[in-house]
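Asks: Each chain, letter by letter, is given below.
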Amino acid sequence: MKPRAIALVHREDDLPLVRAGVALGDTVVVSVAPDTSGWMERARALGAVRSVRLWDDALAATDYLGIAYTLAAAVRVLGADGQAPPVVLAGDADRASVGPAVAERLGMPHLGNVVGATVEDGKIVAQRRTRGVVRRFAGAAPCVLCLLTHELEPVHVNAAAGEEETWTLSRIGLTAAELSYRRRFKPVPSPGPPHAPRVFDNVAALAERLRADGLIMTGKK
Amino acid sequence: MANVLVVIELSGGQPLPTSLEALGQARRVSTQLGATLFAVVPLERAPTYGEDDLIATLAARGADKVVLVTDDAVGKSDDTLRWGTHGAALGLVSDLLSPSLLLFAATAGAREVAPRAAARMGAAYLCEAWLEVREERLALWEGCGETAESLEGDLEFPVVATVPAGRYTLADGDEEAEVEMLAVPPRTPDFVEVGSEPDGRPALVIVPEGAGALGAAAEELAGAIGGTLAPASRPAVARLVVSLGAAGFAAGGESRVVLGGDAAARAQGDYAVEGDPAELARTLARALVSSS
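The listed protein sequences derive, respectively, from chains W and A.
For the first sequence, numbering that gives the first Met the number 0 begins at 0 and goes up steadily by one.
For the second sequence, numbering that gives the first Met the number 0 begins at 0 and goes up steadily by one.
The following block holds chain W by itself, in its conformation from the complex (with noise of 0.2 Å):
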């Protein structure tokens, strides 16, 4: 059976979500947002066959489990269709906190770090890069994987015709008092401390602490 993916995309920064679930099958862009300033559009431009906005004023407030609920019963109820197992893709920049938290809420295995994906046998690869390597991983669909977004080439694309689904809670089976709660958990503006770089005290000491962090791969001209 063909994959197909479904592209969390929050903002316009996370299209190249889209192109990425384009290579593995039929996409799903599934936004939790207000409004989508027309990125949804270009979405179904870049190959989505379906673009789903989901909205409830409860959603500003909460933090981000309570966006991962949401997405997750999202995903229940557009893969209750008895079509492939999804890929489930999110983008893993800035925090990075909702694909995990959704990937614990539906219980899929999931990998982050992801920088691509194709379908090789069957199977999912994805090319995932920690500590100056990128490795390949195979797995199986359903799989939650989390993208750099900032790191895929960046979208370039015209909008193109075509009906945006606009949904509630209700439709995904949750209610606003369901995620009123997670309201206390959601981190509010504070002044807090400056910030200041670690000052070492020679280029020694420097060489040193960047070979233990793993960043340094020397190399000879």
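Be careful, since some hints might not be right.
[Said to hold, decoys possible] Under the rule of at most 16 Å between Cα atoms (straight-line distance), these lysine to aspartate or glutamate pairs were calculated in the EDC-like manner: (1) A:Lys64 - A:Asp173; (2) W:Lys185 - A:Glu175; (3) W:Lys122 - A:Asp189.
These are computed hints drawn from the structure, not numbers from a lab.
With chain W fixed as given, assemble chain A onto it according to the hints.
Replies: Here is chain A on its own, set in the frame of chain W:
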């Protein structure tokens, strides 16, 4: 606050410096708040006689208790945290110890596992956090300065947070710590590694606009770190960014280093060294080449 846990990430069998820094700040916070501090180490196998430096190091750096969680799957990892290899160990300790605070070093691996560990616990999650004690209470922020955000109230719920490199210093502890061993049952892996290749991203050496005198030193450093030169104005994402005193550079990376420059320039980095940028660049290049 009862239990504070710090997950110790290893590289080549040694704890990452950032993990020890997180342990250090957790030590200081735990001492002030009367919490018990656990250093949690996922391992493929328990250390044998003669290999117990790890436990001694964690005790010396502040752990009250060291929890070694053995799991065959950890041996199949590439040394970085990954949910498929380390998630079971993290779930086991969080179920057993019910931490009020669970900390990770802010590494690429932690970005993958920490939010999922938080979701599993129903915890709040902070990325690259500050943790301090203010007025005898734990204060937590995400972000810096005027744009920071904090968790308000009495924090009657667990918090999972990552701590960035260089933010805190090491702490001193006792010579000994209690050691507990846990074991995760074998299971089928979720993802299997099928190949690898070197990271194609270069390191970047950022040269301030118009600073022609830095050219030779910058090229020497770029050669030493396997990188390329870039002007300060170019947006880019690199493995490592080294700025030769340039302020306002646009490139981002896993780590940003500033050599020389004024205070404003150095404030952009995660790491900095004061001095003449050209001299620092040459010295760093030669130090790296001589030790490779």
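Asks: Determine for every hint whether it applies to the structure shown.
Replies: Hint check results:
1. A:Lys64 - A:Asp173: Status holds; Cα separation ~11 Å.
2. W:Lys185 - A:Glu175: Roughly 38 Å between the alpha carbons, so the hint for lysine 185 of chain W and glutamate 175 of chain A is violated.
3. W:Lys122 - A:Asp189: Holds. Lysine 122 of chain W to aspartate 189 of chain A sits at ~12 Å (cutoff 16 Å).
In terms of the numbered hints stated before, the structure departs from hint 2 and from no other.
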